[in-house]
Amino acid sequence: QFLDSIFNAMDAVNGGSCMDDHDTDPHVSMSRGVKFKSSYHEEQYFYKVNLEVAVWQTMYPSGVVIGSNSKAAFPPGSRSSKSYVGYGNLYFFFDRANITKAFNPNRDLYNSESYYSSLSSNDVSAFYAKTTTIDFDYSGSGSNDNNQYYEHNPYAWNAAMAKHDMTDGWDLPPNCNQEGETFLGIPLSQTSGSKLQSTSTFQNQFDFEPLVDRNYTYMQSFGTNHGWLIGETLNNGPGSIVDKDTSHIPLFYTGTTNVDMGGMSLSNLIKVVKNIN
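When the letters of the sequence shown are read in order and numbered with the working numbering, they come out as residues 7 to 283.
Any given hint could be a false lead.
Unchecked claim - Here are the simulated SDA-like cross-link-like pairs (lysine to any residue), alpha carbons at most 25 Å apart as the crow flies: (1) Lys107 <-> Asn281; (2) Lys88 <-> Arg113; (3) Lys280 <-> Pro111; (4) Lys250 <-> Glu215; (5) Lys77 <-> Leu194; (6) Lys280 <-> Gly94.
What the hints assert, rightly or not - Pair by pair, the computed Cβ-Cβ distance ranges are: (7) Lys136 <-> Leu272: 46 to 52 Å; (8) Ala132 <-> Lys77: 27 to 33 Å; (9) Pro179 <-> Ser118: 35 to 41 Å; (10) Ala135 <-> Leu9: 37 to 43 Å; (11) Ser86 <-> Asn112: 20 to 26 Å; (12) Arg113 <-> Leu257: 16 to 22 Å; (13) Ile140 <-> Pro111: 31 to 37 Å; (14) Ser35 <-> Ala79: 21 to 27 Å; (15) Val265 <-> Ile140: 47 to 53 Å; (16) Thr223 <-> Ile282: 42 to 48 Å; (17) Leu9 <-> Ala79: 25 to 31 Å; (18) Leu272 <-> Gln7: 24 to 30 Å; (19) Pro111 <-> Ser86: 18 to 24 Å.
Calculated directly from the structure, the hints in this document are not laboratory data. The C-beta atom is built at its ideal place from N, Cα and C for all residues, glycine as well.
Generate the whole structure from the sequences, applying the supplied hints.
Now the structure itself:
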């Protein structure tokens with residue numbers, strides 16, 4: 007309903023043909039073109055990370071409002087003055103690495119929402135102690151094609167393994183003549199100790215580091231020149247991030263801002279989103 011409302015609002019002001027109204031699939035891109043050492047390593051990895059997800063589900067039984075009490079400049083890394091990040095914001099991304107604008111909610115957090123949003127800053131060891139099994143079915147995860155996209159086979163690698171976000175022009179909507187990277191979403195990135203490449207902390211609710219196989223215990227390699235999209239480490243050197251953390255949840259792809267190619271101007275797009283209740 008939320009996405010339909012955004013689409014109707016955009017359409018009412020001639021939003022253009024490049025909006026992805028129904029194909030947006032909210033997800034978190036952690037890596038691309040993953041190749042596991044074997045199906046056994048794949049199974050062990052997914053059990054490990056899904057156990058971490060099970061802990062999150064125990065901590066946040068009814069969900070959680072995402073955000074942090076840090077400050078950030080827009081776009082991240084720019085010399086603009088920093089502003090308070092806060093909780094429950096909707097963000098406009100010019101691309102996954104450039105958050106252009108934050109749209110704040112029209113109310114403060116309720117007490118219960120505030121409790122869960124700040125829960126991870128406290129001692130959460132009790133949640134880990136009582137979560138020792140996975141009580142949800144994740145057997146449907148993956149390509150559903152005999153795992154050929156996951157188990158390492160250098161002779162059976164295919165471009166679909168490195169498929170980028172749907173805004174990268176693989177399937178443009180009808181009458182859309184230019185690919186675009188813009189979208190509305192929620193950043194999940196966190197700052198790192200690196201001085202080479204880093205970002206601001208946009209959320210404290212989820213720590214993705216336990217999901218990352220830094221030492222290649224399970225992974226064979228990646229099919230692209232990007233490794234972990236939540237911050238890549240060079241040769242496992244501590245603090246040497248060469249790809250900054252760009253993790254996020256895309257909610258609504260807006261495509262190109264080129265009006266002549268079927269897009270919507272950036273100024274009009276921001277005007278519409280500002281009026282979202």
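Cross-check of the supplied hints:
A C-alpha spacing of about 14 Å is found between Lys107 and Asn281, which places the hinted pair at or below 25 Å, so the restraint holds. A distance of roughly 21 Å separates the Cα atoms of Lys88 and Arg113; the hinted pair therefore holds under the 25 Å criterion. Pair hint Lys280 plus Pro111 holds up; C-alpha atoms about 10 Å apart against a cutoff of 25 Å. Only pairs whose Cα atoms come within 25 Å are accepted, and Lys250 paired with Glu215 is accepted, the gap being roughly 13 Å.
For a cut-off of 25 Å, the pair hint linking Lys77 to Leu194 stands: about 14 Å separates their Cα positions. The suggested pairing of Lys280 with Gly94 holds, with an alpha-carbon distance near 14 Å, which does not exceed 25 Å. In this structure the hint that Lys136 and Leu272 lie 46 to 52 Å apart at CB holds, the actual value being about 48 Å. Remark: the range hint 27 to 33 Å for Ala132 to Lys77 is upheld by a beta-carbon distance near 31 Å.
Hint check: Pro179 to Ser118, Cβ distance near 40 Å, so the stated range 35 to 41 Å holds. Between Ala135 and Leu9, the C-beta spacing of about 38 Å keeps the proposed range 37 to 43 Å intact. Judged by the Cβ atoms, the range 20 to 26 Å given for Ser86 and Asn112 holds: they are separated by roughly 24 Å. Our hint of 16 to 22 Å for Arg113 and Leu257 holds, since their Cβ atoms are close to 19 Å apart.
Between Ile140 and Pro111 the beta carbons are some 33 Å apart, a value that agrees with the proposed interval 31 to 37 Å. For Ser35 and Ala79, the hinted distance range of 21 to 27 Å is satisfied, since their beta carbons lie about 23 Å from each other. The hint said 47 to 53 Å for the Cβ distance between Val265 and Ile140, and at roughly 48 Å that hint holds. The given range of 42 to 48 Å is respected by Thr223 and Ile282, whose C-beta atoms sit roughly 43 Å from each other.
A C-beta distance of roughly 28 Å is found between Leu9 and Ala79, which places it inside the suggested range of 25 to 31 Å. Our hint of 24 to 30 Å for Leu272 and Gln7 holds, since their Cβ atoms are close to 26 Å apart. Hint check: Pro111 to Ser86, Cβ distance near 22 Å, so the stated range 18 to 24 Å holds.
Consistency with the previously given hints is maintained throughout, with no hint failing.
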